[in-house]
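Student: Build out the structure end to end from the sequences listed, making use of the hints.
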Amino acid sequence: MIDELAEKDKKKEKKKVENQEHRGEARKIEVAHHENEGEQHSLKMKAEGVCAWFGTKQALYDVNMAIYEKDVTAIIGPSGCGKSTLIRCFNRMHETVPGSRFAGDIFLEKDSIFDPRMDPVVVRRRVGMVFQKPTPFPTLSIYDNVAIGLRLNGMRDKKVLDEVVEKSLRKAALWEEVKDSLQKAGGALSGGQQQRLCIARALAIELEVLLMDEPCSALDPISTTKIEELIHELRQNYTIIIVTHNMQQAARVSQRTAFMLNGKLIEYDATEKMFTNPENKLTEDYITGRFG
Amino acid sequence: MNFDYQTRRKLTDRTMVFLCGAAAFIAMIPLVSLILYVLLQGFKRLDWAFLTHLPAPVGVPGGGMANALLGTLTLMLLASLVGLPIGIMAGIYLSEYGKKNKFAWAVRFTSDVLSGVPSIVTGIVAYTLVVKPMHNFSAIAGGIALGFMMIPIVTRTTEELVKMVPHSIREASWALGVPQWQTILAIVIRTAKNGILTGVLLSVARIAGETAPLLFTSFNNQFWPQSPDEPTASLTVQVFTYAISPFKDWQDQAWTGALVLLILVLAINLAARTFFKNPRGLLR
Amino acid sequence: MNPSAELTDNGGAKPRALPLLSFGKSGFADKFFQKLTAFFAFLILFLAFLTALTLWQASAPTFHKMGWNFLTSSDWDPINGIFGSVPFVYGTIVSSMVALFIAVPFGLGISLFLTELAPMKMRDPVAFLVEILAAIPSVVYGLWGIFLLAPFMRVHVDPVLEALGGALRLPFFKGPSTGLSLFTAGVILSIMILPTITAISREVFEAVPNTYRESARALGATSWETILLSVLKPSRVGLLGAIMLALGRALGETMAVTMVIGNTPQVSINLLAPAHSMASVIANEFSEAVSDLHISALAEIGLLLMVITLVLNIVAHLLVWATAAKFQK
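Residue numbers (the numbering used here), protein chains in the order written: chain B, 1 to 292; chain H, 1 to 284; chain C, 1 to 329.
Quick caveat, the hints were computed from the structure, so don't treat them as lab data.
Here the structure is a predicted model, which is why all the values come from computation and not from measurement.
Warning: the hint list may mix true and false statements.
To be verified - Cross-link-like lysine-lysine pairs, in silico, BS3-like; alpha carbons within 25 Å at most:
no., chain 1, residue 1, chain 2, residue 2
1, H, K132, C, K65
2, C, K35, H, K99
3, B, K159, B, K179
4, H, K132, B, K184
5, C, K65, H, K163
Claimed, not checked - Just so you have them, the derived chain H footprint on chain C, three or more residues with Cβ under 8 Å:
no., region
6, 46-53
7, 140-148
8, 217-227
9, 287-300
Stated by the list, open to error - Listing some non-contacts, in silico: residues in chain C with all C-beta distances to chain H over 10 Å:
no., residue
10, S74
11, D75
12, G84
13, L164
14, L194
15, T264
16, H317
The beta carbon of each residue, even a glycine, is placed where N, CA and C say it ideally should be.
Tutor: So this is what it looks like as C-alpha cells:
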C-alpha cells in the first residue's frame, strides 16, 4: 500500500517536472505545490470520543477517528450501525434532527467545529455533503443549482458565477453533458447526472472535505462507475469521506476503511490491510460475508 | 324465502347506486341553469361600453360598470397588501418553526376558527375600526375587511404547501452552508412557489366575489375611484344594488355585471389550477 | 482576490482561516427571521382578539339598554329603539336546517358516487363541476335566486307543497306564496353548501383504508352493503364534522339569503312565509341605520352570529381532526 502510494507520488513528481519544463512561468506555483505534497496525509479532521443520540437512543459510542488530507476514507458496516450518523456529525448535520444530542469533539484542522464561536453554517461550507438520494433543487435550473451556494453567500458577479459553474461542472464530469442545457430544470436530469450535479453544487462553494453518504446506492451500475471515477479525480484536491454498504466499492475507491458495528468503531486501518488481514474477528466476519 | 332475500339485497343495491348517481346528476341542474342564465342574460348588454363607461342615471340608456370593475381590482390589490404578508409569513412560521409548540397550535387553531367567521361580521369589525374613525366609507376599509378574510386562507395553504417540500431539499441546502433563513426563503419557498401562488390566487378569487363585507366599508360610488380614502364601487355591490332595483335596465345590467364577475372569478380559479394540478384540499 | 481563482487553487492552497466567505454569524439572522415570522403568526391571534373586542365594545350600548331581553324578545323597532333578536336567530337557524335537510343526502350521494361508484373517467370532471359551485360568488347565486329560483318556487314547487301540507294537515306549508320565503332561502343555501359537504366527505371517504372495502367484498357484500359496512360506518364522526362545517357556512351566508328570504322580521312556523336572518338584517340595515343604538344592535347580532358559528366550527374542527388522527394511526 505504502509502496503503491510512493510510486504514485514519484509518477506525479515526474509529471510535474515535465510540466515545469513545458511551462517555465508556472514554476513558482508548481514549486509551492510540490512543497505541499510533502505534507500530504497530514491530519485533516479528527473525531474524539464522539457519542450521538436520537432522543434517548444512543447511536454512536465513543468513536475516535483521524481523517487524513486527500485520502478517501470509507466507512462500512451493516445498516443501522451508525455510519450515516457518524458522517453527519462531521459537518454538524446531525444536530438538525429534532431531539438529537451530541458529545465529544471533532476537529477540522486545528479548530473544533463544535467551538461555540464556530458557526455551523461556515463548517458546512468547508465540509460539504452529498446524500444517498440525489437532491437537486427541483425548480432551479442546472446553472442555478450550482450557483446558488455562492449566490446566497453574496456573490453577485455574473462572470465569476459563470466561471465557477463551468469549473464545478467540469470537476464533477458533468459539463460536457449539460453545457447546452444549463437553463433546464435540475430535476430533469437522470439519477446519475443528478448525483453529479449535487457534487458540482457542493464543489462550487469553497470546499475542503466532501462527505458522501452512500452516494451510489440509488444509482445504476454505469452511473456508479462514473461516480467512482469521479472520486478518484476529486481525491487530487479534496479530502473525501464516503459511507457505503458496498464493500467492493470501499475497496475500489478508498485508502482507509473504518468498520462500524452497533454504533462502535470496530477497526480502522489502511484499506488494503482491512480487506486482507483485519485485526478484529468481527471485521473479518463482516468482510467475508458471514453477517450483515 | 332465501331467494327473496337475495333479490331484495340486489334490488336495494341497485336502487342505492342509482340514487347516488342521480344525486350527482341532479346537483348539476342548478349549476347548469345558473351558468346558462348568466351567459344568456349577461351577453345581452355586454359590449365595450359596459366595460369602459360610468353608470348612467335611471332612464338614460347605455352606461356601464367600468368604475366598479376598477374598484374591484383596487380592492383586490389592497386586500392582498393586508392579507398576503401576514398569511404567508405566518404560514412559514407554522410549517418551519411550529411543529410541536403550543403557540403554533394556538395560531393554527385560531386561524381555522377565523376562517369560519361570517364575512358580514368581518365587515362590522372593519367598519368599527376604519370607517368610524375616518368618518367615511373608503376603499381602504373594504380592502382591510377583505384582507382579514384572506389571512386564514393564505396561512393554511402556505403552511400545507411549504410542508410538502421534502426534508431532503432542506438538508441539501444546509449541507451547502446556507443558513436556515436563506434556506427557507431561497430554496424552500422557491420549491413550493407554484403551490403557494395557487393558494394566493384561490384566496384572491374568493374575496373578489365577496359582497357582504363591502356593503358598509367601501360602500358604492357612481364615479371613478379617485383615491383609496373615498367610497368605491365594486362589481359585487353594484350587481346587488342593480339586482334589487325596480328598473328593468338596471336588472339587465346586473346580469351583465354578474357575467363579468363570474368570468373574473373563474379565470383566476382556472389560472390557479394551471400552476398546481390538485388544489382540492385548498378550496375549503 | 478573485474568489474563483481562489477556488481553482483550492487543491494546493494552505488551510484558510475562518470564516471563508465573510458573512458573519448566521445565528443572528436566523433568530431574527424566526422572530419575524413568529410576529406575523402572532398577528393572527391578535386579529382574533381584535375581532372579539371590537364586536363586544360595539354591542355594549344595546346590551346596556336591552340586557338579556335582546335574546328573548321578538320585537325589532329601530325607530323606537327596541331591539330583539329572536326573529333573526329563528330565520337563520331554520333556513340553515332546511339547507342541511336537502344538501346532506345529496352531498353524501355525490361523494359516495365519486369515491366508490363512478367510473374513474367521470370522477374528476364531476368533482371539478361541484368545485365550480363553490367558486361562484354568492351575489350571483342571489341574482339567480331572485329572477329564476324564486319564480320557479312560486309557480311550480310551492303549490305542490301547499297541497301536501293541506292534505297532511302540516303547518309548515301554507299559501299564498310569493316565492320569497324561508324555504327558498333554504334551497339556495343547500346549493351553496353542497360543495363543502361533498369535498369534506370525499376526503373522509378516501381516508378509509382500502382493506376495509376488500374485506367486505370478500364476504360477498354488494356495492351498497360494502359502502354501509366499510365506508359509512367508520367515517361517521368525520361526516358529522363535514356537516357542521357546512352548517357554519350556511349560518354566515349573507347575500343570497338576503335576496330571497323576503326580509320580514317575523317568527312563523310556515316555511313559505317571508322571514329574516341575522346576516341579512345586518346587510340590509347597517349602512342605513337610523341611530347609533341601531348600529350597536346590529353589531350585537353580529356578535351573536359569530359566537354561534364559532362554537359550531370549533366542535366541527375537533371532530374532523379526531377522525383524521384515527386513520393515521
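Student: According to the definition I'm using, a residue is off the interface if its beta carbon is farther than 10 Å from all beta carbons of the partner; does H317(C) meet that for chain H?
Tutor: The assertion about H317(C) is violated, with a minimum of 5 Å to chain H.
Student: Minimum Cβ separation between D75(C) and chain H greater than 10 Å?
Tutor: holds (22 Å)
Student: Given that the region 140-148 of chain C was listed as covered by chain H, double-check it with a C-beta distance under 8 Å for 3 or more residues.
Tutor: n = 8 at 8 Å, threshold three: holds.
Student: Count the residues of the region 46-53 of chain C whose Cβ falls closer than 8 Å to any Cβ of chain H, and tell me whether that reaches three.
Tutor: holds (count 4)
Student: Run the C-beta distances from G84(C) to all of chain H and say if the shortest one exceeds 10 Å.
Tutor: holds (19 Å)
Student: Checking one constraint from the list: CA of K65(C) to CA of K163(H), max 25 Å. Satisfied?
Tutor: violated (51 Å)
Student: Are the Cα positions of K132(H) and K65(C) separated by 25 Å at most?
Tutor: The hint holds at about 22 Å.
Student: Has the region 287-300 of chain C got at least three residues whose CB is nearer than 8 Å to a CB belonging to chain H?
Tutor: holds (count 3)
Student: Within 25 Å, alpha carbon to alpha carbon, are K35(C) and K99(H)?
Tutor: Status holds; Cα separation ~15 Å.
Student: Can you tell me if the region 217-227 of chain C counts as covered by chain H, using C-beta to C-beta distances under 8 Å and a minimum of three residues?
Tutor: holds (count 5)
Student: Non-interface claim for L194(C): all C-beta distances to chain H beyond 10 Å?
Tutor: With a cut-off of 10 Å, L194(C) comes too close to chain H, as the shortest Cβ separation is near 6 Å.
Student: If you draw a straight line from the CA of K159(B) to the CA of K179(B), is it 25 Å or shorter?
Tutor: Holds, at roughly 16 Å.
Of the hints listed earlier, those the structure fails to meet are numbers 4, 5, 14 and 16, in rising order.
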